[in-house]
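**Q** Please work from the sequences and hints to get the whole structure.
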Amino acid sequence: MDTLALIPNADPLPVAWWWFEGLNLVTFVIHIIMVNAVVGGGLFALYLWFSDRTEPLAGALAGKLPVFFALMVNFGVAPLLFLQVLYGQFFYTSAVMSAVWWLSIVGLLILGYYSLYIHQHRLKKDGSRIPLFLGLGMLLALCVSLVLTSVLSLMERPDQWLEYFGNARGTVLGLFHAEAAPRYLHFLFSSLAVGGLVAALLAGRDKRLQGHAAEKARIVGMKLFATATLLQMATGLWWLISLERDVMLQFMGDNALATGLFVVAVGLTLPALSAGFRGKPKEAAVWTLITITAMVCVRAMLRSFKLAPYFSPKNLTVNLEFSPLLLFLITLVLGLVIVAYMLRLAFRTQGEG
0 MDTLALIPNA DPLPVAWWWF EGLNLVTFVI HIIMVNAVVG GGLFALYLWF
50 SDRTEPLAGA LAGKLPVFFA LMVNFGVAPL LFLQVLYGQF FYTSAVMSAV
100 WWLSIVGLLI LGYYSLYIHQ HRLKKDGSRI PLFLGLGMLL ALCVSLVLTS
150 VLSLMERPDQ WLEYFGNARG TVLGLFHAEA APRYLHFLFS SLAVGGLVAA
200 LLAGRDKRLQ GHAAEKARIV GMKLFATATL LQMATGLWWL ISLERDVMLQ
250 FMGDNALATG LFVVAVGLTL PALSAGFRGK PKEAAVWTLI TITAMVCVRA
300 MLRSFKLAPY FSPKNLTVNL EFSPLLLFLI TLVLGLVIVA YMLRLAFRTQ
350 GEG
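Using numbering that gives the first Met the number 0, the first residue of the sequence shown is number 0, and each one after it goes up by one.
SDA-like, lysine to any residue: derived pairs with alpha carbons at most 25 Å apart:
hint, residue 1, residue 2
1, Lys222, Ile29
2, Lys313, Gln83
3, Lys123, Leu110
4, Lys222, Lys279
5, Lys313, Leu256
6, Lys279, Ile289
7, Lys279, Val28
8, Lys124, Pro55
9, Lys222, Pro270
10, Lys279, Ala339
Restraint-style ranges between C-beta atoms, simulated for each label pair:
hint, residue 1, residue 2, range
11, Pro7, Val76, 18 to 28 Å
12, Ile117, Pro270, 35 to 45 Å
13, Ala307, Tyr113, 39 to 49 Å
14, Asn318, Ile129, 53 to 63 Å
15, Leu344, Val76, 19 to 29 Å
16, Arg343, Tyr309, 41 to 51 Å
17, Ala339, Ile129, 29 to 39 Å
18, Tyr46, Leu79, 28 to 38 Å
19, Ala339, Val76, 11 to 21 Å
20, Val95, Asp245, 25 to 35 Å
21, Arg168, Lys206, 45 to 55 Å
Calculated from the structure, these hints are not laboratory results. Cβ coordinates follow ideal geometry from the N, Cα and C atoms, glycine included.
**A** Here it is, written out as structure tokens:
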């Protein structure tokens, strides 16, 4: 069967496609930072607890996770919606093929949030307890990330949609191809890097991390940041060479813009690493934000190259209607102001935990 015959027709857009692509990139940057903070911070907190039950950094990290988790979920809605607007015919098909796993995300997120919240509450009573709920929350978060990786991978590979005719039960997984392992490990190491960075930034800002404890938190946090960043670069190279040859070559000279952006994104990790090795968390945070933004743009270009044989958002019909977008932009700005205020509260010394 011809793969093109399986792709549904696209709906028209109210404004030019690049509006939605740009907003998707901006909101996804915020979302992925929160995801990294939750996954990396939670896994780091678990490691610290098993290394030393009295380690104050473990409690400081775990105490912030419910806030980051809530922000992660809320900021995940916008990029998902923009993805559906531009690539809905691919995304919905993938989600239907993986319907059982996709619909399970709602329950997993609810259980994950409550697990972290319960752990935070238990910390206030006895921080030496076995972190069962923290472990459960991290397990659920990793399950969600696997499902998302599967659905988004399947979305970019319409040639695999024929699997539906052999499995129409909604349990198809898009994890059994050469890119799956490096793609997921790249995400995991980036999360650990951001988790270490969050730990270093908490030093001196949480009441449990003052004096010697603050200095220790900064050192171990930046050590994790630098180590995980190096591993992330290695898995990124693995991911690159696992791509189909024609797609890989787009980032190796065949497409000047893609190649230039990729080189810039990789180059930006060097000052971030330098700041990590020198123990400068604020400087590292700035370079990390810039690097993540560049990498998100590379990721968007990768998706467009994979789908190029089937579709380009540039060819979508536009029925001009600007008012919904204007309303969203106003809401987005107000939301960012509120989130900035929430984060300020979360990092205050007098904050929760």
